[in-house]
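My request is simple: use the sequences and hints to build the entire structure.
Chains C and Y, in that order, are what the protein sequence lines are.
Residues 1 to 208 (the numbering used here) are what the first sequence spells out, left to right.
Residues 1 to 261 (the numbering used here) are what the second sequence spells out, left to right.
Hints are supplied without guarantee of correctness; some may be wrong.
In silico lysine to aspartate or glutamate, DMTMM-like type, Cα no more than 25 Å apart, as pairs [claimed, not checked]:
#1 Y:K243 with C:D37
#2 C:K204 with C:E103
#3 C:K121 with Y:D41
#4 C:K131 with Y:D49
#5 C:K129 with Y:D41
#6 Y:K258 with C:D140
#7 C:K63 with C:D37
#8 Y:K243 with C:E197
#9 C:K195 with C:E103
Derived list of chain C stretches under chain Y, where covered just means 3 residues or more per stretch with a C-beta under 8 Å from a C-beta of chain Y [as the list claims (entries may be wrong)]:
#10 32-43
#11 76-82
#12 98-104
#13 163-172
#14 187-201
Hints in this document: simulated from the structure, not taken from any laboratory.
Here the structure is a predicted model, which is why all the values come from computation and not from measurement.
Each residue gets a CB set at the ideal place from its N, CA and C atoms; glycine is no exception.
Listed here are the chains, written in short residue letters.
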Amino acid sequence: MKKLILTLVLVCLLVGAAAAQEQDAQTPKARIQEGMDNLIAMLSDPKMQEPEHHDEAIAELRKVAEQFIDFGLVTKFAVGRPWLDMSPQMRTDLTNAFVRLLERSYLKRIPAYEGQRIEYKNEVVSGKKAKVLTEIFDKDKKIIVEFRLRIVDGRWMIYDVVAEGVSLVMNYRSQFSAVLDSGTPEDLLRLINEKVEKIDEVQKSEGQ
Amino acid sequence: MAAALLVLVFLLGMTGASFAADTAPKQILLAQTVDTGEGGDEFDDFDSDYSDEELVADPLYYWNLTWFNINDFLYFNAFKPVAEGYAWLIPVRPRRWVDNFFTNLLFPVRFVNNILTGKFDAAYMETSKFIANTSFGVLGFGDVTGGMPRNWEPERPTADGLGQTLGKAGIGHGVYLYWPLIGPSSIRESVGWVGDAYMDPLTYGRFTFLEFVAIRAYSNLNTLSLQLQGNEYEALTEGAVDKYAAVRDAYIRYRAKKVEE
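Structural data, given as structure tokens:
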């Protein structure tokens, strides 16, 4: 009888803990909302657009981005199945190179926040995966953006962004698979690094 | 894909049960098997979200790639500089008027395709907008309906051409094409463009071929001049390891989304 009671208490405690954890957990939509609010707050600061603070601004944006985007997953899915045959070192190198590439491309000029409005339309959760559908209004233009998330270490993390039907991850996969089909992971790594260097050169010449 | 996944799970389950009844050395093998399966399972899980998207063959790869490289070169070395000069010369307001004019002119394309795809509310909206802008907007140079309340926004976005209509009818792309100057396309979309040309009032104007081309070129120049800051093409290709593959993928997926609307 005592054993039974003890077991019941233990089960209740576990269930209670699980319930508490669930209460603490954000919904995927709330997660996206928090991320976008942070982004808007940062982009509303005029200092972000100052050329002399560019490197600091990028570092700040990246720090915040890493709280919401799992770049490891992004890289893994962009590479696809060849990832399974890669060494841990190659995976790390590719992830770092790819993050630098994304950083250079999408943060070349940090855009000022100009009153773009975001509407959160829909949220679909399926096990450890979720989709959040948003509409971004920029003046008279409407852009449909879907965020795709997975639970990583108990938090919803973004692993893909689909804008107007175009998936960031699948777009890069179509590029990477062409390289990996005819070459090696080292070839892909070299290509990404070359692209980063090329962008750096262009940005320097523009800066001068 | 789902069936294959189910079979995989079933086989793993059977294998697991089998190994559990065996000796310790094979249990180690079980761990390895599960690990490998888990890795593959994760990619299957990811891919399943995108499995409904069609694949389009690119058998004319080298021909397409050649024209892509020529177009890309022309964009950065001819079209963009000219558009920048034009934008410097002409204020933004008249350029928007020109854009409105050509958009208004293509009303028949949108109207007919809205009807063909059963978007009657969009067809109604287009008609109202066309009448309002043609009269009160002085032949369409003004857009008097911009910023109007929601009754101007149909439930589904308005049509954008015959290619979209053919796609909704279940007709596939055929093969991927990249046309000189025009850009990315496919057999279906090219047929769509020809069909749209019959509904374009410019086609029936008394123009010589060169005059027609010049008008088209001017319209495109004007549109580009309004999109010089961070347009889709530059955003897409700037960070691309393989520009050609990036544009091809984006085009196919964007058209797929349009067909879904």
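So, going through the hints one by one against the coordinates:
A distance of roughly 32 Å separates the Cα atoms of K243 of chain Y and D37 of chain C; the hinted pair therefore is violated under the 25 Å criterion. The hinted pair formed by K204 of chain C and E103 of chain C meets the criterion: a straight-line CA distance of about 15 Å does not exceed 25 Å. With a CA separation close to 30 Å, the supplied pair K121 of chain C and D41 of chain Y exceeds the 25 Å bound. For the proposed pair K131 of chain C and D49 of chain Y, the alpha carbon gap of about 10 Å is at most 25 Å, so the pair holds.
Distance check on the hinted pair: K129 of chain C and D41 of chain Y sit about 14 Å apart at the alpha-carbon level, within 25 Å; holds. Using a Cα cut-off of 25 Å, the hinted pair K258 of chain Y and D140 of chain C holds, with the two alpha carbons roughly 19 Å apart. Note on K63 of chain C and D37 of chain C: the hinted pairing holds, with a Cα-Cα distance of about 15 Å set against a maximum of 25 Å. Restraint check for K243 of chain Y and E197 of chain C: the C-alpha separation of about 16 Å stays at or below 25 Å, so the hint holds.
In summary, the hint linking K195 of chain C to E103 of chain C is supported, as the alpha carbons are separated by about 12 Å, within the 25 Å threshold. Requiring three or more residues with a Cβ within less than 8 Å of a Cβ of chain Y, the coverage given for the segment 32-43 of chain C is violated, as only 0 such residues are present. Counting residues of the segment 76-82 of chain C whose CB lies closer than 8 Å to any CB of chain Y gives 3, so the stated coverage by that chain holds, three being the minimum. Only residues whose C-beta sits within less than 8 Å of a C-beta in chain Y count toward coverage, and the segment 98-104 of chain C has 3 of them, enough to reach three; the restraint holds.
Here's how the segment 163-172 of chain C fares: 7 of its residues keep a CB closer than 8 Å to some CB of chain Y, so the rule of at least three is met and the hint holds. Residues of the segment 187-201 of chain C lying with their CB closer than 8 Å to a CB of chain Y number 5, which satisfies the three-residue condition for coverage.
Violated hints, listed in ascending order, are 1, 3 and 10; each of the other numbered hints is respected by the structure.
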